[in-house]
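Fit chain B to the known structure of chain A by using the hints.
Listed here are the chains, written in short residue letters.
Protein chains: 2
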Amino acid sequence: MANPLTPDVLVDPVVLTRTLVDIESVSRGEKDIADCVEDVLRQAPHLRTERYGNTVMARTELGRAQRVVLAGHLDTVPINDNFPSTVVDDLIYGCGASDMKSGVALALHLAATLPAPGYDVTYLFYEAEEIESEFNGLRLVSQAHPEWLRADFALLLEPTYGVVEAGCQGTLSARIHLRGRRAHVARAWRGVNAIHAAGEVLHRLADYRPRTVTIDGCTYREGLNAVRIAGGVAGNVVPDECAVDVNLRFAPDRSEGQALDHLREVFAGFDVAVTDSAPGALPGLDAAPAREFLAAVGAEPAAKLGWTDVARFAALGIPALNYGPGDPALAHAPDEHVEIGRIRDGAATLHRWLATYE
Amino acid sequence: MANPLTPDVLVDPVVLTRTLVDIESVSRGEKDIADCVEDVLRQAPHLRTERYGNTVMARTELGRAQRVVLAGHLDTVPINDNFPSTVVDDLIYGCGASDMKSGVALALHLAATLPAPGYDVTYLFYEAEEIESEFNGLRLVSQAHPEWLRADFALLLEPTYGVVEAGCQGTLSARIHLRGRRAHVARAWRGVNAIHAAGEVLHRLADYRPRTVTIDGCTYREGLNAVRIAGGVAGNVVPDECAVDVNLRFAPDRSEGQALDHLREVFAGFDVAVTDSAPGALPGLDAAPAREFLAAVGAEPAAKLGWTDVARFAALGIPALNYGPGDPALAHAPDEHVEIGRIRDGAATLHRWLATYE
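Protein sequences, first through last, are from chains A and B. Numbering of the first sequence is given in UniProt numbering, commencing with residue 1 and proceeding in unit increments. Numbering of the second sequence is given in UniProt numbering, commencing with residue 1 and proceeding in unit increments.
Isolated chain A (complex conformation) (with noise of 0.2 Å):
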């Protein structure tokens, strides 16, 4: 196909925004969105890029004092009624709007219309962040080329509404695995039910008080929740096992393993499997670039109260930040949508923030 992202798109991050939604990026399609990036990112001349599966990675290099990175994934949830774009006064509607073709439409705007920024800038186009962690692009570049990645600040393009959200909450999901005995519902007694011994569990989460932790200013409020459960054999059987699993959301002055610590603690004298975890990461505002980033924009930070790609930047010892012109809540709707004015008021921030030093 011919690239819809043709030099007059890349001048304006509305219209590009726009025709990136028009591209289809369901996650594991990214392929002809990775491929129109590419093709845009190698015409530059100021560029050196590389690509790896359906991530692009395309890199200043000014001999500058200090390195950015901008990332954004490509894909998108899976479409819902809501492609191709439809423009409704000042609102882009349709499926990434949001969550985050209108931030890499940011990043890929100043990727091609400044040759010349204050830092030498990363710029990184990655996939597969909305599905299962193995097919995340940034994680496998982690893995692959952890030099892509090397850099003094990041700035994750995801939606914040125009606020910038400082370092994001660790998460941690395990299986609560309750035990019993089977027998015939007209015996009973001969069997123990799993499923009323996770009566004890649903309480504890019911009871739970959740901590609300404030960091560098950034307030972060923790949660425990059950998000599925599951058990029974047949209509008639007294059930031998009842699963729950529970996922707590917790502030980044926590580790993993003070989470876990807290979670064995919480379900004292149950059998507690830990199936994912994601380490926080500190609101990261110290670095010169975050601090000079949050000048540009002018306004306070606030806590990230999601997991983001962010923690994965903290990890490898890079402060991120999140901001992005999309509207958090409306990320995976339906009726997703992004404000025109907060595309152009995030270009003009960002373009405020890496030509200062042209």
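Just to be clear, a hint being listed does not mean it is correct.
As the list claims (entries may be wrong) - If you anchor each label on the Cβ, the simulated ranges turn out as follows: (1) B/ARG209 <-> A/GLY317: 52 to 62 Å; (2) A/ALA333 <-> B/GLU132: 37 to 47 Å; (3) B/ARG209 <-> A/ARG179: 15 to 25 Å; (4) A/ARG179 <-> B/GLY235: 19 to 29 Å; (5) B/ALA315 <-> A/ARG187: 16 to 26 Å; (6) A/ALA268 <-> B/ALA315: 32 to 42 Å.
Bear in mind the hints are in silico, worked out from the structure with no lab data behind them. Ideal Cβ positions, reconstructed from N, Cα and C, are used throughout, including at glycine.
Then chain B, alone, in the frame of chain A:
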């Protein structure tokens, strides 16, 4: 196919059991076995035979003062590496050996070999007892040909291991629906967790103390169990729905309506929707043929705890008992088998009972 139920086979209830096991008859596949049974019964000049679907009815019309029904279902649960039959020492192994082809063999043996019993006898061999009640042959006959069931007493040859089991408990299944409000787990305080809300339901189940009720010397133990629980949307979502399926087995001194009142009382404050219900049956030991049958067995009856089709007879006002050579604990098991000695004992008992007035 040639009918394997030859006169040589019919005279020996043990050989007949094995021959019946070797005619595959998983529920909804009873045509072959019903054809064979119908053929045998039509050849007996002392019987009047009729068929409805794969249910076969044959009756003597001797003008006796009282009529009894001997009933058994022709179907089995799915084969589970236990077809055809095998014999090890004094055990016949095979799908349906206990539940209930050994019982069917007793009735079919009598039908073929006892031309002038002391009561008029209605033999009923019916389809689809092991699956959803809508297919149950006894239920279908009770609607289409209620006159086939008219009798003073009914004996159901379900496996009881040679014990007379009287009455049966009722069963009531219901779904308790918990509702909440979805939210991302990172912002859990915006949601209401429906799984957590199920904790109170499980708590009441765990605390429930079932009644034990003695009626006519038969002791019924009730039971209330969660048989299934399911809830959850995704690993990062506070779930807005959870459903707990519960089953109450109730002693036959409660009606279905009283059982439901009781269930609603236990789960007061929750949304309880009935999904299935069947009445129990009182022991019914007062009818003359019942007393004479108990005398022929020579042992005290016990309470039937599972639900059986005796309740269908009870609902028609016909006292009914369970009595069969199979071991109920082996029903539906891969190693299902029946003891040859118990088949012979059962045949002798029934002969003693029915031949008394010959």
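Quick rundown of the hints versus the structure:
1. At roughly 60 Å, the beta-carbon separation of B/ARG209 and A/GLY317 lies within the given 52 to 62 Å, and the hint holds.
2. Judged by the Cβ atoms, the range 37 to 47 Å given for A/ALA333 and B/GLU132 holds: they are separated by roughly 40 Å.
3. Judged by the Cβ atoms, the range 15 to 25 Å given for B/ARG209 and A/ARG179 holds: they are separated by roughly 23 Å.
4. One distance hint, 19 to 29 Å for the beta-carbon pair A/ARG179 and B/GLY235, holds here, with the actual separation near 23 Å.
5. Remark: the range hint 16 to 26 Å for B/ALA315 to A/ARG187 is upheld by a beta-carbon distance near 24 Å.
6. About 51 Å separates the C-beta atoms of A/ALA268 and B/ALA315, a value inconsistent with the hinted range of 32 to 42 Å.
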